[in-house]
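Protein sequence lines correspond, in order, to chains A and B.
The numbering of the first sequence is this note's numbering, which starts it at 1 and goes up by one.
The numbering of the second sequence is this note's numbering, which starts it at 1 and goes up by one.
I should point out that these hints are in silico values taken from the structure, not numbers from a laboratory.
One or more hints might be untrue.
DSSO-like, lysine-lysine: derived pairs with alpha carbons at most 27 Å apart [stated by the list, open to error]: (1) K647(B) with K658(B); (2) K632(B) with K187(A); (3) K602(B) with K275(A); (4) K77(B) with K99(B); (5) K249(B) with K181(B); (6) K468(A) with K721(B); (7) K238(A) with K614(B); (8) K533(B) with K328(B); (9) K187(A) with K628(B); (10) K180(A) with K99(B); (11) K525(A) with K684(B); (12) K176(A) with K187(A); (13) K163(A) with K304(B); (14) K632(B) with K659(B); (15) K665(B) with K187(A); (16) K483(A) with K525(A); (17) K525(A) with K187(A); (18) K533(B) with K335(B); (19) K304(B) with K335(B); (20) K366(A) with K388(A); (21) K187(A) with K658(B); (22) K555(B) with K535(B); (23) K525(A) with K632(B); (24) K187(A) with K659(B); (25) K238(A) with K610(B); (26) K628(B) with K445(A).
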Amino acid sequence: MFVNHPIPFWLITPVVTVLCIFLVWQESKKPYRFRILRIIALILMMLALTGLLFKPSYQTKKSANIILLTPNYSAIKVDSILVDHPDLMLMHLEQTSPYKNSTRLFQEDLPERANEIKIIIGQGLPRYLLDSFEAKAFHFIPGASPEGITNLFVSNHNILNRKDTITATLNSTDGKGWIKLSGPGGKEDSIAIKNKGQNDFELAFLPKHSGEHLYSLLIHDGDTAYEEILPLTTDQEKPLQILYLLSYPTFETQHLKSFLTRKNHSIVLRNQLSKNNFRYEYVNHDQIRIDRLTLALLDNIDLLITDGETMSSLSPTEKAALEKSIFSGLGLLHLTPITSKSLAEFFPFQGTTLKSDTAIVKIGAKSLSFPASKLRITPTLPTIPVQKNKTGILSGYTFRGAGKVGFQLLQETYTLALSGDSISYAELWSPLLESISRSRSEPSKIRIITPFPWYENEPIDIEIISSKENISLTADSILLPLKENVSFDNIWSARTWVGTHGWHLLETSDGTSLRYYVSGPTEWKSLSIINQQNENKISARPGLEHHSEKIDSREEIPPLIFYIIFLLAAGFIWLAPKL
Amino acid sequence: MRQEATSYHFAQMKRKYQWIRGTEILLWALAVALFTFYCCRAISIAPTIGTGIALTFMSITIFVGSARVHLFSISEKDLAMYLNRHYHALQESADLLIKNDEELPGLQLLQKEKTAQQFDAIYPTIKLPHHMGRAIGIFGLSVVLSAILSAFSNKPCASVEGSASKKIMHVEKGNLPIKIKGSTITIVPPAYTQINNRSSLDFNLKMPEGSNVVWDITFDEEVLNPRIIFSGRDSVSLTKIGAGYRVEKTFKSSVFYQLTWNNVDSSTQYSNYYEIEVIKDRAPTVGIDSLNQFIVLNEKDNLKINLNARLTDDYGLSRAKVVATVSKGSGEAIKFREEKLSFDSPPKISGKNVQVTKILDLLRLGLQPGDELYLYIEVEDNKTPTPNYTRTETYFIELQDTSSTITSIEAGLGVDLMPEYFRSQRQIIIDSEKLLKEQRSITKENFNTRSNDLAHDQKVLRLRYGEFLGEEFQSSVGPQSSITAADAENAGKNPHQHNGSASYKEASPLDDFVHAHDGDEEATFFIESIKSKLKAAVTIMWDAELYLRLYQPKKSLPFQYQALKLLKEISQDSRIYVHRTGFDPPPLKEEKRLTGDLKEIKNSIGEEKKDHAKQYPNIRAALTAIEKLLPKDSLMLSQKQKDILTKAAQELGELELKKPGAYLKTLSLISSVIHNEARSIEKKNSLLKIRESFWKVLPQETMTPQSRSAATHDLDLQFLKNLERSNL
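For reference, chain A alone in the conformation it holds in the complex (with noise of 0.2 Å):
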């Protein structure tokens, strides 16, 4: 037996026992009857008393599973595991408030008890906590979702000019309220809250400028107001390498080809003047032989852009040039639709024919008609559109092999430009050359695996595919060890402490770097809770063993039976005299 003694056990004592002796002195004189009786009551009254205020508990075997409560845990769930599992540990980690007599688990004990632990409660246990479970063979019961952001899509790859949006979801508490996106040049976005609970968002934000930049989340929900800081990396302009291939200019081609040299792409063109005459324009490209294509010139292109006509003067050779480039990545846009049944592999789209000879297209929030082709691309599986209407598919693409081939049916598109509308031109041209044009191989590819947001002093995982076999990281400059994939060749993983908040620098050996940004302390906790609780989430194995082994345990008297046989005995000494 053991006591629990929230007063000092040499105060209560000889309080009681001098109590006690007083008391059965005084209860012998009185000339009632069953006296016998009502001292007993009175000592038994007494030690009810004294077991109040003591507390006494018993030592018994109990099951060595432990109940592992993390911060955010739910009192009522435990409560609930506790009446189908009695026998269950409790126990609380460092900066976890105790329930019912949970013992503290401190960090480093546990690796040595990541066995026992068959129920984590409560926001669960850090990516790196969790590591040192060999089996993780536990249950996860998740507390209540945290106010604020519980959800974050940013991409790594924003584009300028280009307007980018972030999506996310914010827990919100009052419903009602706002959340402002601000970029270096002031406001760029902002949207209302208007339910309680979780609310998904889109803002968007149009960079200017390339490289890394700060934009802020300012939330006010009700009366609370934060704001979360948002690193934004916006890359640098890439320009593609085009080659025109045409029978005949066309204002449109021209337009296109002007379009694409402000915006400081390489162009190649050749027009056809005559049977043997032809006019061969280099706009920041060196000069190069066009006359046949070979492999070796289209593996130095990202894009051609022809017509049927140039298509059908192709001789086989090319032909089977064009396919392999093809494969290995290049993109084909034709401009004109292409009919004949012997150029089918560079046109592999159904298509149908309408009477009409003007398309409606929607770019934006404008409604725009345009003359084109009286093709239209049946919708099919292998088809990615770009432009559609109803009438169907009026430019898209399709993959081959690593490649892509696209068409163009709209036609007289430059006349946007020349209304002034620049912007919408831009908007019907850049996707659909974007997406046909050749994705250009790096050499290697860095990526962070652990999700955002990353911390000051806490493990950070990165994961590098590389066709290099002696490759190399620096984080910061400084050398990181890499741990090679033990099933799959050439990828390669490790792992980084960063030691203050701002932004860092990961680099490869072969010249790939990403810049990455380090939280402050109290940024984005909500997110980071969510991140822990899906970790955890996928961490844990189902199946609870009950056949475990039994250890001592301490078990409480409840303080009921006490204040009970308290009543009862008082009760007595009351009702005697009147019997």
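Given the structure of chain A, go ahead and fit chain B onto it with the hints provided.
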């Protein structure tokens, strides 16, 4: 009873005295206040201060005046004393009248009774003492003097220095940069603006174009080489005068400036950036009231045109004229005569807003039927040395010539190609009218023949004009056999089906004289309005000819008149055409046309390097540098970062010149950041504001396709190879 009446009369007298004297004092006070106020204005004291001084003097006058005449302390005893002195009939006993009967012994009661009778008798004639006339005179005098002084209060200062010295105000201490003890900035606008010199309380200045600014600056400590840098480029050193420094400069455009000096420890100190906003002298504006730009008049109309215009300018007008050009003649003999006319009212142009009038007598200007008058108003303001100039659009007044016969539109082209035997449209009308008159006296056959002949003339005329429109047919000219009734009927049904007629295929004798092109090319000689009129005339000629062919000259006549009217208008238009161009297209080499010879065409190669550099490279570099700095706790700028910010500030300075005031605050912030004048937290806020300004400067560009990139794993390559193999 008598006692009550006497008391009542004394109370009345007291009130009357107070009213009269009160008014008198008020007039004096107003006179003093008016005079004082306008004296203050005359010596250019601010109106609020002047009003304060005037009110003070007014209060003093009221206070002193009231005390002097016992306005509020006068009693009935004083009145009784006055009556005793001035009205002997009361026998020095007026003071008995204000005493109660109970207090008086019997003898005095008798005397009071007697005096009361006398008082009642003289009461209506009692005159209380006052100087109302003098007060009115003083007030009037002060009004006159104020009026005279007010004339001097806004007088433009011919002497710059003298005026400036009168009302120098120092720059407020709060606006002074650190280490500057005191400063006086005097702005001297150009004399023609008639704006007074003034001192600025702030280093940011706003002034009319051409103003001269004088800075007088004294420093707290000894400084070396103080200078002002204008727009980040030009610096002007301050000259030491006494204990302070002085510099002066004239500004014709907006700039920003910064004070800089070297301390004794040879460190350089910079002030904030300040703005000098120059208000440009705008050109005068002219608004012509109720005059159409194109006016066509007949000889019978009122040939006096009333020209009303409102001329306005920001500082003043100096000259305005009507420039009238009379155009006479036709063909190559067009003559122009230009006259500059003064306005009838006002005879001399001056002031900021002038309503001018001029009656243009077209006959006195020498306009005759067929002539045109082109006029516009030109105005100059009083700016020196070069006045601003404005002119209105040209207004056209045409005096129509209804009498002259138009036979050819080539008058405008300089060569008369019309053979003599062509009948003019007017001749055809005269002949048609004559035929109608003679209809009863001649046989039907004769009538029909003559009508057909006239139709032929009309046809020839139509064809001639049709040539100028590029119509593809030609016709022989000369006597023709009359057409058959069937032909006539055919013509009536469809006048445009004429290509089958053999007569149109014959060669025209004009071929040798006319430089014939394809019709469309020829037609390009004419402006659109002439072409449309010519087309309309030819169409109407078709109708005129039709009815002549149908032997109905009466029905044909309205069409002939319409055609004549249109031809007249074309004639007038062709004169303007001559005025505009003298284009003679080069002859084509007929032997080379449409041969399909491509020998001279060879492969052509064009090469260009167009590196469209991004705008504002330094501002972009500064943005990147700021982004790197912001997350750091310590915001100490390296020399390289300072250089980047300095270059960005120069780019921003150029923008500031184009848009004055927009980036001045940012420039000051950059200066404070570069020179480490701000604390760390202030520096962070400054950097955030600088970043915002830089970002806003960057232009919004359209999107462009980008090259995408991806790392390819060996497995991806293997997959593609297998895919390719399966396809092959």
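How the hints compare with the structure:
| no. | hint | in the structure |
| --- | --- | --- |
| 1 | K647(B) with K658(B) | holds, 18 Å |
| 2 | K632(B) with K187(A) | holds, 23 Å |
| 3 | K602(B) with K275(A) | holds, 11 Å |
| 4 | K77(B) with K99(B) | holds, 10 Å |
| 5 | K249(B) with K181(B) | holds, 22 Å |
| 6 | K468(A) with K721(B) | holds, 20 Å |
| 7 | K238(A) with K614(B) | holds, 14 Å |
| 8 | K533(B) with K328(B) | holds, 23 Å |
| 9 | K187(A) with K628(B) | holds, 21 Å |
| 10 | K180(A) with K99(B) | violated, 91 Å |
| 11 | K525(A) with K684(B) | holds, 24 Å |
| 12 | K176(A) with K187(A) | holds, 20 Å |
| 13 | K163(A) with K304(B) | violated, 65 Å |
| 14 | K632(B) with K659(B) | violated, 33 Å |
| 15 | K665(B) with K187(A) | holds, 20 Å |
| 16 | K483(A) with K525(A) | violated, 30 Å |
| 17 | K525(A) with K187(A) | holds, 24 Å |
| 18 | K533(B) with K335(B) | holds, 26 Å |
| 19 | K304(B) with K335(B) | holds, 22 Å |
| 20 | K366(A) with K388(A) | holds, 14 Å |
| 21 | K187(A) with K658(B) | holds, 25 Å |
| 22 | K555(B) with K535(B) | holds, 21 Å |
| 23 | K525(A) with K632(B) | holds, 21 Å |
| 24 | K187(A) with K659(B) | holds, 23 Å |
| 25 | K238(A) with K610(B) | holds, 15 Å |
| 26 | K628(B) with K445(A) | holds, 24 Å |
Of the numbered hints listed earlier, those contradicted by the structure are 10, 13, 14 and 16.
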